[in-house]
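Colleague: What follows is the residue order along each chain.
2 protein chains.
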Amino acid sequence: MNPFLNNCPLPGRQTDIITLEHGSGGLMMHRLVKNLVFEMLQDVMTGNGHDGAMLQVEGNIAFSTDSFVVKPLFFPGGNIGELAVNGTVNDVAMCGAVPQYLSLSFILEEGFLLEQFKQVLLGVRNACLKAGVQVVTGDTKVVEHGKGDELYINTSGIGKIHPKAAIGSARVKPGNVLLLSGQLATHGTAVMCLREGLAFETTIQSDTAALNPLTTLLLDRLGSDIRFLRDPTRGGLATTLNELVAECGWGIEIEQAALPVHAQVEAACELLGLDPLYVANEGVFLAVVSPHVAAIALQLMQNHPLGKYAAIIGRISDEAEPLVLLRSKIGGTRVVHMLTGSQLPRIC
Amino acid sequence: MNPFLNNCPLPGRQTDIITLEHGSGGLMMHRLVKNLVFEMLQDVMTGNGHDGAMLQVEGNIAFSTDSFVVKPLFFPGGNIGELAVNGTVNDVAMCGAVPQYLSLSFILEEGFLLEQFKQVLLGVRNACLKAGVQVVTGDTKVVEHGKGDELYINTSGIGKIHPKAAIGSARVKPGNVLLLSGQLATHGTAVMCLREGLAFETTIQSDTAALNPLTTLLLDRLGSDIRFLRDPTRGGLATTLNELVAECGWGIEIEQAALPVHAQVEAACELLGLDPLYVANEGVFLAVVSPHVAAIALQLMQNHPLGKYAAIIGRISDEAEPLVLLRSKIGGTRVVHMLTGSQLPRIC
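Top to bottom, those sequences are chains W and L. Letter by letter, the first sequence follows residues 0 to 347 in numbering that gives the first Met the number 0. Letter by letter, the second sequence follows residues 0 to 347 in numbering that gives the first Met the number 0.
If you're looking for bench data, these hints aren't it; they were derived computationally from the structure. Predicted, not measured: the structure shown is a model, and the values here were computed from it. One should not assume that every hint holds.
Put simply, identical chains are the same to the list, so a pair is met inside one copy or across any two.
[Said to hold, decoys possible] Within a straight-line C-alpha distance of at most 30 Å, the following computed DSBU-like cross-link-like pairs (lysine-lysine) qualify:
#1 K146 x K307
#2 K172 x K33
#3 K117 x K172
#4 K70 x K328
#5 K33 x K70
#6 K159 x K328
#7 K129 x K117
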């Protein structure tokens, strides 16, 4: 018997699924939130469990939000709970901030299994512990069966901007060096293999991770020489690079041979007809740094568990033409465009 | 021809609905966000449109989140866009804070009409202007047809705690006076009349509104004599009062005759079998104040457009038994419990 469910449903009701009553704002919702959510998250929660949290902050903060609709909820290497924490933590970290506080909002579908919800909450808890963030406010809604897909999660996050950080696309200049902190396309390929029934033929696991320990280390050591940070999630690295050229006004040149991709991921992408440049990542970030710190940045990354596959992948060109150019392994050059169409729906 | 849609879809595609490509992270999403969302919200947005916003704050802040799944999206007196802004603004205001920044995250269902999305964005814009808040970060996801219900919105909000505020259930003491800022049950009844096909027989409109102008006025004038603020949304006033007695440890006595309810709302509730005490409100708040400022607080409310129907509805009793007691119009007394069951699914 699941100890969290003892007091949860009304007597005589089916005990193991989400019902519309859990979203009513009344007694059933209070019990669900107190007996399951608060209980599971007690060591990563602060605050009084009200509609709003009161927090002390100083100076500049970063603020970010993401809704997570990944399908399926559970995939090799993680679940939607971990993804929802890590995704927002990373968006905050990419502003040059140290993530501190999260909100957590659920849209549950009627009929969703409480046991699965519990597993997701475990994922939330573990990810919060690793990222060093606290859940401070939340919300729970329930929609009718057929009006959702088991569970959608929104997280919003607040973090304190690192005192040495000066992150921004306007600071990206010709000659700056591009580093990628890890192997490309791992998360998206893991989810797609599962969806396409290839999961048993590969050992590819999502790389979902909170990246703030590594970004904080880089900022501690290299401060304003870290000019730009961004995690290439939906749309993949190709889309992130295109966003950057559009923002900074300078071109980018990358070397195909330098792009770190795991052999299994490369093989799976070939089988699935995916280009790793366009596949979503969840545990990798792009850093643009001053040229004189590039080697140190690479070493700092490679010596850290989150960056052991880090690589220098290219540079900002002195062409004021905002194009992303890829030099292929055989020496040709092609333009890399932003993702068009929908390669991978509901990947995060 | 809708000017916002000119550059939105790929050439030759159907132009007027959301497709999965709009959630891909690629070109279609960028166009949707830039040409529609940013365009519609330009006068209520700050920041660079990235995944994260960098903000300057000082001192104590309030932080809150809510996901909105109201059905239908459009109802007399507003739409889900206004509700999503006002709901989070109010949660922040109830912490004794002045709402400043919002995040805005959409879960769109494939097939949702862009024209309707535009109407919702207009609602967001108008509500932000009235509340004096800025949208600073956001997210857009698309799910397959049948895996959502047109549109769900999450907003999270940040506000600066008012320098004179000292809000908290621990500050609620026997003898404190309860004020309600407006008429009960209006939002929930408006939505239910629409759902039940009664909308043409009544003129009931949702009272959805940003309440921060009035809470700020009260804090400016009465400071720490405002001891507790809460907006009774899902679960209605009955649930909010039960939450308060559980938190503060003292009982509450309210007078049925003092509860402000519009005659049409009362009649509709009777027809629909609803108890106004349990019906969701969106433009009303409960304030618990020191007894010596109760009359001034009431006057401040009644002189303000957001509080013209305000009333003193009861007091904190000196019984350390945490029950909500209602003295009926004919003199009897009954215990008011928290909402059980699901009176009104998807009301906000």
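Colleague: Does each hint fit the structure? Answer for all of them.
Modeller: Verification of the hints:
1. K146 x K307: neither (42 Å within a copy, 39 Å between copies)
2. K172 x K33: Between copies only: 25 Å across, 51 Å inside.
3. K117 x K172: Neither way: K117 and K172 sit 47 Å apart in one copy and 38 Å across, limit 30 Å.
4. K70 x K328: neither (34 Å within a copy, 54 Å between copies)
5. K33 x K70: Answer is both: 27 Å inside a copy and 27 Å across each meet the 30 Å cutoff.
6. K159 x K328: neither (41 Å within a copy, 54 Å between copies)
7. K129 x K117: within (19 Å within a copy, 40 Å between copies)
Violated hints, in rising order: 1, 3, 4, 6; the structure is consistent with all others.
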